[in-house]
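Residue numbers (my numbering), protein chains in the order written: chain U, 1 to 256; chain C, 1 to 408.
None of these hints come from the bench; they were simulated from the model. Among these hints, one or two may not hold up.
Unchecked claim - As a list, the in silico EDC-like pairs of lysine to aspartate or glutamate whose alpha-carbon atoms are at most 20 Å apart:
(1) U:Lys136 with C:Asp126
(2) U:Lys33 with U:Asp7
(3) C:Lys132 with U:Asp141
(4) C:Lys89 with C:Asp35
(5) C:Lys89 with U:Glu36
(6) C:Lys132 with U:Glu138
(7) C:Lys113 with C:Glu149
(8) U:Lys33 with U:Glu233
(9) U:Lys33 with U:Glu85
(10) C:Lys132 with C:Glu64
(11) U:Lys136 with U:Glu187
(12) U:Lys224 with U:Glu67
(13) C:Lys89 with U:Glu166
(14) C:Lys65 with C:Asp35
(15) U:Lys33 with U:Glu138
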Amino acid sequence: MVGEISDAIIRVRNITVQFGKTRILDGLNLDVKRGEILGFVGPSGAGKSVLTRTIIGLVPKVAGSIEVFGVDLDKASTSERRGVERRWGVLFQQGALFSSLTVRQNIQFPVREYLNLSQRLLDEVMIAKLGMVGLKPEVADRFPSELSGGMVKRVALARALALDPELVFLDEPTSGLDPIGAGDFDELVRTLQRTLGLTVFMVTHDLDSLYTACDRIAVLGNGKIIAAGSIAEMKASQHPWLNQYFNGKRARSVVV
Amino acid sequence: MISGSWSNDRFYKAMRRAGAYLLQAKRETAIVSGDPTLERIAQGNGLALCAAGSWTARFAPVLEKMVADAEKLRGSRPNIFIDVSQVSKLDTFGAWLIERLRRSLTDGGIEAKIAGLSANYASLVDEVRRVKAEPVIETRSVTITGMLEQIGRSVAGVGGTLVGLIEMLGAVLAAAGRVFIRPRGFRLTSTIHHLEQVCWRAVPIVVLITFLIGCIISQQGIFHFRKFGADIFVVDMLGVLVLREIGVLLVAIMVAGRSGSAYTAELGSMKMREEIDALRTMGFDPIEVLILPRMLALVLALPILAFLGAMAALYGGGLVAYLYGGVDPEAFLLRLRDAISIDHFIVGIIKAPVMAAVIGIVACVEGLAVQGSAESLGQHTTSSVVKGIFFVIVMDGVFAIFFASIGM
Chain U
1 MVGEISDAII RVRNITVQFG KTRILDGLNL DVKRGEILGF VGPSGAGKSV LTRTIIGLVP
61 KVAGSIEVFG VDLDKASTSE RRGVERRWGV LFQQGALFSS LTVRQNIQFP VREYLNLSQR
121 LLDEVMIAKL GMVGLKPEVA DRFPSELSGG MVKRVALARA LALDPELVFL DEPTSGLDPI
181 GAGDFDELVR TLQRTLGLTV FMVTHDLDSL YTACDRIAVL GNGKIIAAGS IAEMKASQHP
241 WLNQYFNGKR ARSVVV
Chain C
1 MISGSWSNDR FYKAMRRAGA YLLQAKRETA IVSGDPTLER IAQGNGLALC AAGSWTARFA
61 PVLEKMVADA EKLRGSRPNI FIDVSQVSKL DTFGAWLIER LRRSLTDGGI EAKIAGLSAN
121 YASLVDEVRR VKAEPVIETR SVTITGMLEQ IGRSVAGVGG TLVGLIEMLG AVLAAAGRVF
181 IRPRGFRLTS TIHHLEQVCW RAVPIVVLIT FLIGCIISQQ GIFHFRKFGA DIFVVDMLGV
241 LVLREIGVLL VAIMVAGRSG SAYTAELGSM KMREEIDALR TMGFDPIEVL ILPRMLALVL
301 ALPILAFLGA MAALYGGGLV AYLYGGVDPE AFLLRLRDAI SIDHFIVGII KAPVMAAVIG
361 IVACVEGLAV QGSAESLGQH TTSSVVKGIF FVIVMDGVFA IFFASIGM
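Bound conformation, chain C alone:
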């Protein structure tokens, strides 16, 4: 190792000569193996840094260390140059490291030159020479104020969300009004298409899940009511619960997860690919063309699905009551007729279109809020489902208060 400064000593001279000889030998073996090397060879009052081997990306970590070591030589000698004639292979990484070395040696006030550059590599080295050195530094620090700011922004964002939803509701109603006046603008085909997607294709999964939920409610009811010998009251519980609450709430949550997310993803990717802008420039209103048919399909679909779901749940409950609780189907039906009135059904089904509208509006607002990236699409789809379910439950609570106060 030749250190940065030494006295003019005979001993050192001899050592240096021997060292250079050894390094020369090592270099020759290195060239054969392809491993990159960077030797220091004294030449008169100057110093040659001889690069050899393949200076490529594969060896970049080693190369970087060698270059960092060599950079310490800055200013040690009046004349330092970099000899690259032995380099067998050079790519951008190697070329840049040589350039980095040249720069840091030059910065020290001495002119560093690159010698022995073959014509093949000259243009690559010229290319990296044009690079401005200062790497841009990413600053992203986590501070308490930053976190507080984030919380503040989120809270303020809640207000923004509500305003956005009301805006969208207004826009959809206005579009509906325009279509009502001018029915030719109504997109029947699109509406039917979406109705198929959100209603017809959702029937199997909705029926299956509500059927299972009906079974579970019935089984749990029988299991616990049996202790009081009140098995038959499971029918009352099942009827009221399914028709008033569970049927519609469960279906709405499923629809928010299934169709709300699909709406957001569809609109979001259309937004990303500038399809919505294209519609606008052609003189179409995206609300009228894209959102109104979707909203209408959803508002029609949810009551239908809620009804089918309620029936499936009652059927499942009845089945379990018969098989597990020994309640005769006829007794079940008689009891059901006594236990529930049409009011229960109306209370349930009246909520469905409102919940559908909430889900649809949340999904469309989120879809149109998507920015250019795939990540943003994912975020908005997630928040579409989360907000959709949240608002569905809030609406359910509001309805509960409302119906309680009017005595239904």
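So that you can see chain U by itself, here it is in the shape it has in the complex:
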């Protein structure tokens, strides 16, 4: 199902993840190409977030191997791992902003840790990042509890992009955004991908995102990747869930 891709930025092989006796992922294989935007879909509870968290290293796996940037994360030393982590950014589903830091401090936090920059440059780049995610500089001194749900998402994305990573994991980035905001967001992801050569691993349920932003789509079912390919291939698929997902009532309303 998943062909060997020579230039894979993420290479997942035979991953098995178990919680107690329930097997969530069962010998899963997945490759993510450098520079692509991969949309990752599947029924609720299929384990999309689990796979993302397994790749990032937050969920332990029973078997299999994960390579990111060509580094096997199981065999990597702590410093190698740090190096990999510095090159990826993660947008969590709920934002996961540090609640005791302001927006400014949240975005500057990873930069401050890894780079020794002047406060002026930190502030300016922070404002640039805020601008990129469509926020005004005025929000910089607010605390996360004073932001709306959509703003939290945007700030979290700005934080994920703070170090200009090569790879970003987005866990349902457009959920909770209004359609226009979601459209802007897709546009933004595209722009960043073009300009920074970003690779995007996006868990999403937003059909618009799948159509407009994603280069390739992977579908998770029964703990495995049941299909991977372009949107046209997905639509042509005979798999019942895929058929319903891409040719159902909601899908038809999406203008292609």
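Got chain U; can you put chain C on it based on the hints?
Positioned in the frame of chain U, the structure of chain C alone reads:
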């Protein structure tokens, strides 16, 4: 180095040509190594600032210095432009620094342009071009007036705390009244659950600590009383101290630390996640659903724990008296019966529910005062324990005065 202004001198011209040549060579090696550079190359009456290498976050400190140097060129030449065709790698940091340079050169009244922008990077540069320059400046200065203001606010806050506690007491009593009239609203399961948490699960640690305290009191008493040959009076001291004061006070302090903090943290995180608001919108009273069962559990738990604690302390004291002081268990019990009356026990145990109520109310007020951040949760949990212990000790003092005046 080419300075900001120079006369039209042949010597300088020659130097410049040589310099440009050297810089060109240096630039080529720099591109190979990836280190970013920013050269100045004269072109007719203009000046080209040639950026090369990787303009990325990793090199940002160096880049910032280079850009700051180049900014001094503002106004020196009629035509300055920034050539970025040699840039091998560009990210937001680099793009912003180029944009910053462009802006400060333009501000000088001359049009600075960015040339040689590849299609890949054009949109990134466009993106940062939209950034409004003025960085927001954080102002947080420490002044004497500010400190005085802080003290004033804290003092005024004491009054607010007391009002808050009385309000909560009223709300809890009102909820208790409603539940009394309509017993179906009483949450038995929840109460039992909390009783298990604050009473049953607290038994081992409470018994252990009071046992040890009993041992220590007894050992100290024997050690010092022995000098007067008054070993046996340690039983009097132990009995009165444990039953009247130490037993209940110690247990109350432990409960404030153990359960008061847990209540604050639970309610606080529920407040943070809007669970309490959700309850309210469903037509439930959070006081009735969340706080009343907790309060009731605590008020029932503390007397039980105080009793168990007192027994453990007496047992520990008796054990040490026997092993260390040679006081026979039978003699210990006889002496204990003479030394203490039921009044001592009543005085101790009557304080327990009151202290439990104080701890519970402080914990719940603090829990509901939590704001959106994790820091706030921590602060309120701390102050729940601190205030809880403080009020427990104050209550103990009030009780001491009260019992002394009624002669118990």
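Against the structure, the hints:
Restraint check: the Cα-Cα separation between Lys136 (chain U) and Asp126 (chain C) comes to about 17 Å, which is no more than 20 Å; the hinted pair holds. At roughly 6 Å between alpha-carbon atoms, Lys33 (chain U) and Asp7 (chain U) fall within 20 Å of each other, so this suggested pair holds. For the hint linking Lys132 (chain C) to Asp141 (chain U), the alpha-carbon distance of about 16 Å falls within 20 Å, and the restraint holds. For a cut-off of 20 Å, the pair hint linking Lys89 (chain C) to Asp35 (chain C) stands: about 10 Å separates their Cα positions.
Proximity of Lys89 (chain C) to Glu36 (chain U) is assessed by CA-CA distance (about 18 Å); at most 20 Å being required, the pair is judged to hold. In summary, the hint linking Lys132 (chain C) to Glu138 (chain U) is supported, as the alpha carbons are separated by about 11 Å, within the 20 Å threshold. Distance restraint check for Lys113 (chain C) and Glu149 (chain C): the Cα-Cα separation of roughly 52 Å exceeds the 20 Å cut-off, and the hinted pair is therefore not satisfied. A hinted pair counts as satisfied when its Cα atoms are at most 20 Å apart, and Lys33 (chain U) with Glu233 (chain U) qualifies at roughly 18 Å.
The hinted pair formed by Lys33 (chain U) and Glu85 (chain U) meets the criterion: a straight-line CA distance of about 18 Å does not exceed 20 Å. Annotation: proposed proximity of Lys132 (chain C) to Glu64 (chain C) holds, straight-line Cα distance about 18 Å (limit 20 Å). Between the alpha carbons of Lys136 (chain U) and Glu187 (chain U) the distance comes to roughly 18 Å, so the proposed pair stays at or under 20 Å and holds. Restraint check for Lys224 (chain U) and Glu67 (chain U): the C-alpha separation of about 18 Å stays at or below 20 Å, so the hint holds.
Between Lys89 (chain C) and Glu166 (chain U) the alpha-carbon distance is near 12 Å, which keeps this suggested pair within the 20 Å criterion. Under the criterion of a C-alpha separation no larger than 20 Å, the hint pairing Lys65 (chain C) with Asp35 (chain C) is consistent with the structure, at around 14 Å. Proximity of Lys33 (chain U) to Glu138 (chain U) is assessed by CA-CA distance (about 37 Å); at most 20 Å being required, the pair is judged violated.
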